[in-house]
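A.B. asks: Using the sequences and the hints, build the whole thing.
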Amino acid sequence: MRDVVIIGIGDIRVGEYWDKSLRHLAHDAIMAALKDAGVERVDAVVVGNTLASFLAEQGHLGALIADFVGLRGVEAVRVDAADASGAAAFRWGYMAVAGGLADVVLVVGVEQMSERSAEEVVRAHTSVLDQEFEGIHGATPNSVQALLMRRYMHEFGVAREDFGAFPINAHANAVGNPQAMFRRAISEKAYARAGLVAEPLNMFDVSPISDGAAAVILCPADKVNAYAHTDKAPVRVLASAVATDAVAVHDRKDPLFLQAAYLSSHAAYTQAGITPRDVDLFELHDSTSIMAALSLEACGFVARGRAVHFAREGGIARNGLIPISTMGGLKARGNPLGATGVYQIVELVRQLRGDAGDCQVKHARIGMAQNLGGTGATAITHILGIG
Amino acid sequence: MRVAGHWRLRKQRLTLQGEICPVCGAHIFPPRDVCPECGQPASTPYTFKGRGEVYSFSTVYETPDHFTKYKPYTVALVKLEEGPIITAQLTDVDPDEVEIGMPVEMVTRRLTEEGDEGLILYGYKFRPVMERVGR
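Residue numbers (the numbering used here), protein chains in the order written: chain A, 1 to 387; chain B, 1001 to 1135.
Derived from the structure by calculation, the hints contain no laboratory data. It cannot be assumed that every hint is accurate.
What the hints assert, rightly or not - In silico lysine-lysine, DSS-like type, Cα no more than 27 Å apart, as pairs:
1. Lys-253(A) with Lys-1071(B)
2. Lys-362(A) with Lys-232(A)
3. Lys-253(A) with Lys-1069(B)
4. Lys-1049(B) with Lys-1011(B)
5. Lys-1049(B) with Lys-253(A)
What the hints assert, rightly or not - Taking CB as the label site, the calculated pair distances span:
6. Met-203(A) with Lys-1069(B): 21 to 31 Å
7. Glu-155(A) with Glu-1097(B): 50 to 60 Å
8. Glu-1114(B) with Ser-117(A): 16 to 26 Å
9. Glu-1117(B) with Glu-132(A): 19 to 29 Å
10. Asp-3(A) with Val-1023(B): 39 to 49 Å
11. Glu-1114(B) with Gly-59(A): 15 to 25 Å
12. Glu-115(A) with Asp-1092(B): 34 to 44 Å
13. Asp-67(A) with Glu-1097(B): 55 to 65 Å
From the three backbone atoms N, C-alpha and C, an ideal C-beta is built for every residue, glycine too.
C.D. replies: So, in structure tokens, the structure goes:
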């Protein structure tokens, strides 16, 4: 296997784009990434997307996007792993470069959700669940996560209000990120008053319906000088690991333990030769507050049942023991599903380059990203490093 | 209209038919081709008694379009007496009176429908266990 580095990143501000279609959003992120890397050729394009087949009735995104950005003829495919499609696309690009099948790979995650009604988006999004045994009963991604939250409160004696530590941290961090959808801090009082989405989850616990696109360029570590024309330091991919679990939480032995997140994070630690203590920041999958808590526990940062207390004590803040959602996370940067995993990578690269501006985590050398599909049935962990 | 896709699940939806693993004896719902406990082929049908307790629950306000007319409704994880946990709605109960551990039993109810012209879909929901009176 060859060592792989990221030589370029690009993204658009997450938000609502009524005047642009999916292909335009992808184009804008791709052009920014190509410019950032200064590359003149691309061997392959990997597209991450979750819902275009439902919401835009548009499949075949590999060829569509490659052609639209002027790369007609190049190898291009779309990769699907539900909400983790962005990280899956990144991993497929990584595998192509590491395995020697391609030298320069463009990975793009793109999603457009805002042009449909919330009810239509929620219906399409239930496709990440087990439709025959969850979706048919009216369960939605948020409500399944709400079931986990209620059980967590019951087993560990945690109050609903205490989960507010996660969105309050995410929103505070997003203030400094020009690419974030919500650049506004929220207060404990606002959190306590927010309307219910799926009890006990409220509006501030759940990530928003968003449009977005993010892209990265990969190449072999020993060929950076041949391909990249940039003064940015390359960022190394130290680990890449995927694991799966039962799609339906009712099929899991212990619904409050994200087994796939545990397996993929620990495989990644082994690959990188590190422990959780070596990780300077963690972009986790805070699709809801409870998923942030369960991710911290499964990945070994805190003991089971402790994540909410840990968050309230400041452990997740920019200067805490393990900073999370450092540029807003899914909650405040926004969660354009199939693009989210690539945004996480882009944000880690900004942090490791020292380009994160007001969001900068001091002395960041090793960053970890974890993208979850469905209710954590797919977990994809990447560890990046610099220097 | 997706007729066969719903028809082939009729035994699960209307009678809670699952499986017992012939090798390790695990009770399995929904049915699978491979036992989740021991990895052996699983194919012996077993009809669940339809009794259990609430493991967790959530009243849903943000719904898919084909459930909007039913909102708010309460989705639960129900732990069946035989062991498995299943996802189902609670019915015949005020959401404010639901609690974890509450005993519930299966009933057949309308789940949703495929628009005005399409199928009406029935299946299992759970309600609080009714007290037997008299005798």
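A.B. asks: A separate judgement is required for each hint: does it hold in the structure or not?
C.D. replies: Going through the hints against the structure:
Between Lys-253(A) and Lys-1071(B) the alpha-carbon distance is near 30 Å, which puts this suggested pair outside the 27 Å criterion. Simply put, Lys-362(A) and Lys-232(A) have alpha-carbon atoms about 18 Å apart, close enough for the 27 Å limit, and the pair holds. Proposed proximity of Lys-253(A) and Lys-1069(B) is contradicted: the alpha carbons are some 34 Å apart, above 27 Å. Annotation: proposed proximity of Lys-1049(B) to Lys-1011(B) holds, straight-line Cα distance about 13 Å (limit 27 Å).
The straight-line distance between the Cα atoms of Lys-1049(B) and Lys-253(A) is roughly 21 Å, inside the 27 Å bound, and the hint therefore holds. At about 22 Å, the CB distance of Met-203(A) to Lys-1069(B) agrees with the hint of 21 to 31 Å. Between Glu-155(A) and Glu-1097(B) the beta carbons are some 21 Å apart, a value that contradicts the proposed interval 50 to 60 Å. For the pair Glu-1114(B) and Ser-117(A), the supplied restraint of 16 to 26 Å holds, since their beta-carbon distance comes to about 18 Å.
The supplied range of 19 to 29 Å is met by Glu-1117(B) and Glu-132(A), whose beta-carbon atoms lie about 23 Å from each other. The beta-carbon spacing between Asp-3(A) and Val-1023(B), approximately 46 Å, falls within the hinted interval of 39 to 49 Å. Checking the proposed 15 to 25 Å range against Glu-1114(B) and Gly-59(A) shows it holds: the Cβ atoms sit about 23 Å from each other. At roughly 39 Å, the beta-carbon separation of Glu-115(A) and Asp-1092(B) lies within the given 34 to 44 Å, and the hint holds.
Hint check: Asp-67(A) to Glu-1097(B), Cβ distance near 58 Å, so the stated range 55 to 65 Å holds.
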